[in-house]
Amino acid sequence: MMRRLFPRPELSGILWGLWLLLVNSVSFGQILLGAFWAWLIPFYTHSFWPGVMSLRKPWLGLKFLGVVMVDILIANAIVARLVLSNSERLQPAFMLMPLDVKEDFTITLLASTISLTPGTVSADLTADRRHLLIHSLHVDDIEQTIAQMKQRYEAPLKEMFEC
Amino acid sequence: MELFVEIVVSICLLGGAAFALVGSIGLARLPDFYMRLHGPAKASTLGVGGMVIGSTIFFSTRGNGLSLHEILVVVFLFITAPISAHIVAKAALHLQLPTVARTRRPENKS
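Residue numbers (the working numbering), protein chains in the order written: chain A, 40 to 202; chain B, 4 to 113.
Certain hints may be false.
Derived CB-CB ranges, DEER-like [to be verified]:
1) Arg120(A) - Arg108(B): 22 to 28 Å
2) Arg108(B) - Trp76(A): 44 to 50 Å
3) Lys141(A) - Val11(B): 25 to 31 Å
Calculated from the structure, these hints are not laboratory results. Virtual Cβ for every residue (Gly too), placed ideally from N, Cα, C.
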């Protein structure tokens, strides 16, 4: 019964939070209206959605978010220095990163995370979905950079969504 | 208290603006297309992030209660910015846009 009324509990929760943020108010009426949207939208659209992964370890998700935020801050400072320094000395590279994650959703999250951290942009996914092509503004050691990204971003994502 | 809040908000705004500026400078003077792509990535993360934090603090301390809907700007931006960057980079690869000669490539480039 609950499952039929709320086919996607996570989506409902996100929509509720989104609504309250959009109207920027937590008055009783808005909470009620938000709850109504949170029920209605997943209820009528869930048959269009591809199989959604569920977050198995929420606290790991929060930790991952924290790691990414800190990395964005650090990488921003590093890239700012690189951009303002002599661009002749930059060593750009395309890197091929072998993927351990298999699902669409996790690959998307990984590619987005890599693009969000300044200095690296994910540029292409190979047709066999086993490698991600990444362009980097400046790298010294390609092997080491890839190993670091796999350990910092891919490992937690894999643990959170795919086990 | 007022003054302290104003100083914090100013720092956030100036910091955000500084990163947006550096991103734009990168966009203008980096040598090839793929490297230029890294400029906007900076501007859209810390640049907008700093300004949004400033805005949140400013409107939350004016006595009208907490104002958090600016966070949505960051949320939507963080969802969409990497995807547009990916599509643009992919289009550039498809068109085989030139790179600076020293760009290293993987051997079995597909």
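Hints and how they fare:
1. Arg120(A) - Arg108(B): 22 to 28 Å: Once the Cβ atoms are compared, 25 Å apart, the range 22 to 28 Å for Arg108(B) and Arg120(A) holds.
2. Arg108(B) - Trp76(A): 44 to 50 Å: Given about 48 Å between the Cβ atoms, the range holds.
3. Lys141(A) - Val11(B): 25 to 31 Å: violated, 44 Å
Of the numbered hints given earlier, the model fails hint 3 alone.
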